[in-house]
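S.K.: Sequence:
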Amino acid sequence: CLTIMYNFTKFMEISDLRNFYNNWHTNFKVSREYDSKTALFFQQLLARMLEIRKPRKTNNLLDVACGNGYLLKEAEKYPFKTHGIDISDVAVKYAKNNTKAIVRRASAEGIPFKNNYFDYVTCIGSLEHFNDRNRALSEISRVLKKNGVCMIHVPNLMFVGHIYMAARFGVMPSEGEQGFSEQYFTFK
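Counting from 128, one number per residue, gives the positions in the sequence shown under this note's numbering.
Rather than coming from a laboratory, the hints here were simulated on the basis of the structure. In this text the structure is predicted, and so the values were computed from the model without any measurement. Among the clues, some could well be false.
[As the list claims (entries may be wrong)] Computed list of lysine-lysine pairs in DSBU-like fashion (alpha-carbon distance at most 30 Å, straight line):
(1) K208 with K272
(2) K241 with K220
(3) K164 with K241
(4) K227 with K272
[Said to hold, decoys possible] Ranges of calculated distance between the beta carbons of each label pair, as one might list FRET restraints:
(5) G297 with I229: 39 to 47 Å
(6) K273 with L167: 26 to 34 Å
(7) F155 with K184: 34 to 42 Å
(8) I229 with L167: 19 to 27 Å
(9) N154 with R231: 32 to 40 Å
(10) R175 with E140: 31 to 39 Å
All residues carry an ideal CB built from backbone N, CA and C; glycine is no exception.
Assemble the whole structure, with the sequences as input and the hints as a guide.
M.R.: Okay, here's the thing in structure tokens:
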């Protein structure tokens, strides 16, 4: 089943994926909610990034597949010039309303910034949804400065909650009802 999902996603037209995500952001309430748990997660993530490399006066941060801009909102508490990209027009609209960041509609496979531009790049819970993960990773690498910090967060296929749902209910895992484009990763 995962192979089928991967092949489906790999060959999905970018316009179809955009339409799916416009619909998802419009209709899936959780995509628009921001609670204290979400804020804490992003605060911890950003604190870890800052531990890895101390910020200088001007640091450019790019959040790839920024969704509604909640990581960008947290990043504004630090000395970052924040940027976000997302494939969804709806997500871009929400992100622009939620943050002061420069947000553009773009796919991760074609990041519209020059080489070696960002000190920090984040891609949180999104790589598993991209049409071409290798191209997206190449683009992230291209826009990241040589000594930059990149943080990528992906779901784990062996997460106990996913195993329980499969064993108990016979359902494949889904993070936020995004089964139309999800790919799970093993530890390897």
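S.K.: Does each hint fit the structure? Answer for all of them.
M.R.: Checked hints:
{"no.": "1", "hint": "K208 with K272", "result": "holds (15 Å)"}
{"no.": "2", "hint": "K241 with K220", "result": "holds (23 Å)"}
{"no.": "3", "hint": "K164 with K241", "result": "violated (34 Å)"}
{"no.": "4", "hint": "K227 with K272", "result": "holds (23 Å)"}
{"no.": "5", "hint": "G297 with I229: 39 to 47 Å", "result": "holds (45 Å)"}
{"no.": "6", "hint": "K273 with L167: 26 to 34 Å", "result": "holds (31 Å)"}
{"no.": "7", "hint": "F155 with K184: 34 to 42 Å", "result": "holds (39 Å)"}
{"no.": "8", "hint": "I229 with L167: 19 to 27 Å", "result": "holds (25 Å)"}
{"no.": "9", "hint": "N154 with R231: 32 to 40 Å", "result": "violated (23 Å)"}
{"no.": "10", "hint": "R175 with E140: 31 to 39 Å", "result": "holds (36 Å)"}
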